[in-house]
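Build the full structure now, drawing on both the sequences and the hints.
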Amino acid sequence: MTDISAWLLHERLSEAIEYPAGSEEAALAMLKFQDDGQVWLACTPHNWSNIQLFEQFAESVGVKDGYLCYRFTPQILSRAISKGHSGERLLEVLRAYSMQQDASAQLLAGVEQWLASYGHVRLYTGVTMLETVDTAVMRELSATTSLDEQVIRALHPTLLVLKKAANERLSEELKRREHSPLIHDEEVYGPE
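For the sequence shown, this note's numbering gives the first residue as 198, with consecutive numbering after it.
Just so you know, these hints were derived from the structure itself, not from any lab.
Bear in mind that the values here come from a model prediction, so they are computed numbers and not experimental data.
Note that CB positions come from ideal geometry on N, CA and C, so glycine has one too.
Treat the hints with care, as some may be off.
As the list claims (entries may be wrong) - With a cut-off of at most 20 Å between alpha-carbon atoms, the simulated EDC-like pairs for lysine to aspartate or glutamate come out as follows:
id, residue 1, residue 2
1, K361, E328
2, K360, E370
3, K372, D331
4, K360, E328
What the hints assert, rightly or not - Restraint ranges, calculated between C-beta atoms of paired labels, are given here:
id, residue 1, residue 2, range
5, V260, R350, 46 to 54 Å
6, C240, I349, 50 to 58 Å
7, S343, G281, 29 to 37 Å
8, H243, R336, 47 to 55 Å
9, H243, V348, 49 to 57 Å
Right under this line is the structure:
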């Protein structure tokens, strides 16, 4: 079934990872890992599902030599997951194409870490509260950010009420330290 017929029939195509027919070199040419952390995708119809996936989870940084160029950041991954996208398919694709490319190991490890740490820290708007998954994460935040200056009251070892202005400041500090905080914005998600 083609993409168009699936769309017309309201059916979802299989999301199995597809490799181009032909040699292993042709498969590897579909996705290239760069030493600077970028990933290049061949702009071909066969690679469309991967392009859609990268558009959700990565920052587009241009076109080079006929390849679409992407870079992963904690902020973009966090935004994609907040919109309900699952990172499992992304990891499957990265693992499948990274087998034969040396530049991929560090990038793959970074993306896995960012996805695994998503939601370990939560910031609430309306009343500014910070919740961590456990006390070890809270201790790490106290040691590496300006958290202690922002605390109004500790409700629990993993739950703090913070000054109103702390939300943006802590969010930026966490992102600079490669955390992916889950931010509950009452205007977007409603009260919990």
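To see whether the hints hold, each was checked on the structure:
no.	hint	verdict
1	K361 to E328	holds (15 Å)
2	K360 to E370	holds (15 Å)
3	K372 to D331	holds (19 Å)
4	K360 to E328	holds (14 Å)
5	V260 to R350: 46 to 54 Å	holds (51 Å)
6	C240 to I349: 50 to 58 Å	holds (51 Å)
7	S343 to G281: 29 to 37 Å	holds (31 Å)
8	H243 to R336: 47 to 55 Å	holds (48 Å)
9	H243 to V348: 49 to 57 Å	holds (53 Å)
In this structure, every one of the numbered hints holds.
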